[in-house]
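Q: In case you want the letters, here they are:
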Amino acid sequence: MSLATMIPYPSWLNPADNTWQLVAATLVGLMSLPGIAVLYGGLVRKKWIVNTMMMVFTGFSLTLVVWMLWGYNMAFGTLSHFGPTGSFWSGFIGHFTPLSTAGAEQGQAVSGANTLIPFHFPTATMAYFQFVFAAITPLLFLGGLVGRLKFKAWLLIVPLWITLIYTVNAALLWGGGFFAQKGAVDYSGGYVIHLAAGVASFVGAAIVGPRRWQDRENAFPSNLMMVAIGAGILWLGWNGFNGGDPFYAGADAASAVLNTNVATAVGVLTWVVLDMTLSRQKKPTFLGAINGMICGLVAITPSAGWVNGVGAMLVGLIASTVVWIAWNYVSQLGFFKKVDDALGVVYTHGFAGLTGGLLVGLLADPKMTEYGVSGAHYKGAGGFSVGGWFFTHSFHQLWEQFLAAVWIIAFTSIGTAVIFYIVKAVVGLREDDEVLALGDVAIHEEEAFPEPIFGEPILTPSHTHPDNV
Amino acid sequence: MKLVTAVVKPFKLDEVKVALTKIGVSGMTVTQARGFGRQGGHIEIYRGREYEFDFIDKIRVEVLCTDEQLDGVIDAVVASARTGSVGDGKVWVTEVDKVVRVRTNERGPDAI
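For the record, the sequence lines run as chains E and V. For the first sequence, our numbering gives the first residue as 318, with consecutive numbering after it. For the second sequence, our numbering gives the first residue as 1241, with consecutive numbering after it.
Check before you lean on any hint, since a few could be wrong.
Claimed, not checked - Away from chain E, derived, C-beta distances all over 10 Å, residues of chain V: (1) Ala1259; (2) Ile1263; (3) Gln1279; (4) Gly1281; (5) Arg1287; (6) Gly1288; (7) Arg1289; (8) Glu1290; (9) Tyr1291; (10) Gly1312; (11) Asp1328; (12) Val1331; (13) Trp1332; (14) Asp1337; (15) Val1340; (16) Thr1344.
What the hints assert, rightly or not - So the derived label-pair ranges between C-beta atoms look like this: (17) Thr1261(V) to Val340(E): 23 to 31 Å; (18) Val758(E) to Thr1334(V): 48 to 56 Å; (19) Tyr1291(V) to Val758(E): 17 to 25 Å; (20) Val758(E) to Gly1277(V): 28 to 36 Å; (21) Asn1345(V) to Val758(E): 56 to 64 Å; (22) Trp530(E) to Phe1251(V): 42 to 50 Å; (23) Asp1297(V) to Ala734(E): 30 to 38 Å; (24) Gly1277(V) to Glu762(E): 36 to 44 Å; (25) Phe1251(V) to Val758(E): 30 to 38 Å; (26) Ser1266(V) to Glu762(E): 33 to 41 Å.
None of these hints come from the bench; they were simulated from the model. Every residue, glycine too, gets a C-beta built ideally from N, C-alpha and C.
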């Protein structure tokens, strides 16, 4: 045994920053486990609860292994230069290397492109924080695929998608890559996570094919109380999602948290009022309120710390309205009607993420400052802000946001299609119809609420049963 | 001996129970049931989509009684379960050959 010299707080490490970053990361992790597991488990039919939750837990695990082995360094490590500096090819991906050495975990976190001020916490904190964002993305697009996707196919889709799609989008917008250098911004993942998840959900659902018509017509949610638990964890977990992205436990984190919550509250109320006034039945519904909540959360994500309080409320109002219209009307048109995006991820994440990302270009208030970020918007002395049309009367930012959105939609849809066709060729994408008719029992030999017999067994105890000796 | 079976609205169960106890009925069996009649089903909305629920929740009440009690039991159930709107349910009577109390092995009307 040897004793290495270590001081608890080296001069670069700020315990408050490190603590907040780890807490924020854990909050985001809770959004997946158990947040998404019980939210989706509550939204699917009773016979699909176990399968859905299994995919959530295994997807989370797969992403972390990929993340340690190569994902983190591809998305956030030093950029690979496949072309001249400043070109797209010099800024779209990092290196395919594992995060494995002691120095890599305990050394000071720095930004991949070295354009940011080094952070006041270790790389392990940064890697874990970025992991929980990566992990939730495939879990979100799982919502479009539940109720017919083969379990084996899922085990291949997650590592492929994280490796080929997520890392590229993250490097381009967050890792100091091409779009970051051009000036497009995404505070916490309105594009990299939610728009990409919405697109992947829709494209994936189109390739996997619709659920059995019996399941599609009888898509009763299994448990609205579980939906409430999952949705509540999502909302409050989002304090880590958006509050963690300044990477400093300062005023920027605080304003991002407050803005996130007020946008979400407005998103909820907007959807409820629209349901009560413009829907055919004129009834306020709980699941409608939850849709509005997700719209608010998703849409404020690209701008959380760059809009002011009024801007945040406008984001919630506009995004919830746009998605309400898409949910009720666009969903009835052409291929939107044909593709069976089971839980409507393309609307609540795709449309909401796109709306929020574009709204940055209109509503970002240059007086809202984030500390420590550089790049195209570097204002010196560690301050960073974004100016939307409303304040600058220039459409420049909106244009940058638009270009980044076009990239995310095009690359994610093509890449997802390629991955799904590869997986289809290797293990197939759909369970057989006889399996789909039974659901959980056929696939896992488990069910969400098992009760095999009434009363007590009447025969003598079985000596073959493992619990009887 | 008779078996009176009544299908009633769930929120009327307590009134039915009180009315039956008042006329001296000492036991009843209650089952959650679903069905449709003239009332038809209803619509529920999940995530903006309407789902038709053809079978609606009812309570099935079963009461064993002697021939002398029969008219009183029927009147009590009908009076207590009625709201006047469609879906109030039905009451029917079947003949019962034998009744046995499991604990004492008593037979016939004594077992009721």
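Q: Does each hint hold? Answer for all of them.
A: Against the structure, the hints:
1. Remark: the non-interface label on alanine 1259(V) is consistent with the geometry, its nearest Cβ contact in chain E lying 32 Å away (cut-off 10 Å).
2. Once the 10 Å rule is applied to beta carbons, isoleucine 1263(V) is consistent with being away from chain E; the minimum gap is 34 Å.
3. Against chain E, the non-interface label of glutamine 1279(V) holds: every CB pair exceeds 10 Å, the least being about 19 Å.
4. The non-interface label for glycine 1281(V) is consistent with chain E: the shortest C-beta to C-beta separation is roughly 14 Å, beyond 10 Å.
5. With a minimum CB-CB distance of about 5 Å to chain E, arginine 1287(V) fails to clear the 10 Å threshold, and the non-interface call is violated.
6. Once the 10 Å rule is applied to beta carbons, glycine 1288(V) is inconsistent with being away from chain E; the minimum gap is 6 Å.
7. Once the 10 Å rule is applied to beta carbons, arginine 1289(V) is inconsistent with being away from chain E; the minimum gap is 7 Å.
8. Not every C-beta of chain E lies more than 10 Å from that of glutamate 1290(V), the closest at about 7 Å, which undercuts listing it as non-interface.
9. Not every beta carbon of chain E lies more than 10 Å from that of tyrosine 1291(V), the smallest distance being close to 6 Å; the non-interface claim is violated.
10. For glycine 1312(V), the requirement that its beta carbon stay farther than 10 Å from each beta carbon of chain E is met, with the minimum near 35 Å.
11. Every CB of chain E lies more than 10 Å from the CB of aspartate 1328(V), the least distance being 26 Å, so the non-interface label holds.
12. Distance check on valine 1331(V): its Cβ is at least 29 Å (rounded) from any Cβ of chain E, clearing the 10 Å threshold; non-interface status holds.
13. Residue-level check passed: tryptophan 1332(V) sits 28 Å from the nearest beta carbon of chain E, beyond 10 Å.
14. Here aspartate 1337(V) stays apart from chain E, with its beta-carbon at least about 27 Å from theirs, past the 10 Å limit.
15. In this structure valine 1340(V) is separated from chain E by more than 10 Å, as the shortest Cβ-Cβ distance comes to about 21 Å.
16. For threonine 1344(V), the non-interface assignment is confirmed: its Cβ lies about 23 Å from the closest Cβ of chain E, beyond the 10 Å cut-off.
17. A hinted range of 23 to 31 Å for the beta carbons of threonine 1261(V) and valine 340(E) is inconsistent with their spacing of about 59 Å.
18. At about 38 Å, the beta-carbon gap between valine 758(E) and threonine 1334(V) misses the expected band of 48 to 56 Å.
19. Checked against the given bound of 17 to 25 Å, the beta carbons of tyrosine 1291(V) and valine 758(E), roughly 24 Å apart, stay inside it.
20. About 34 Å separates the C-beta atoms of valine 758(E) and glycine 1277(V), a value consistent with the hinted range of 28 to 36 Å.
21. Distance hint for asparagine 1345(V) and valine 758(E): a CB-CB separation of about 43 Å, inconsistent with the stated range 56 to 64 Å.
22. Taken as a hint, the range 42 to 50 Å is violated for the pair tryptophan 530(E) and phenylalanine 1251(V), whose Cβ atoms sit roughly 36 Å apart.
23. Here the CB-CB span from aspartate 1297(V) to alanine 734(E) is close to 46 Å, at odds with the stated 30 to 38 Å.
24. Between glycine 1277(V) and glutamate 762(E) the Cβ separation comes to about 40 Å, which falls inside the hinted range of 36 to 44 Å.
25. Hint check: phenylalanine 1251(V) to valine 758(E), Cβ distance near 35 Å, so the stated range 30 to 38 Å holds.
26. Separation of serine 1266(V) from glutamate 762(E) is about 47 Å and departs from the stated range, judged on CB atoms against 33 to 41 Å.
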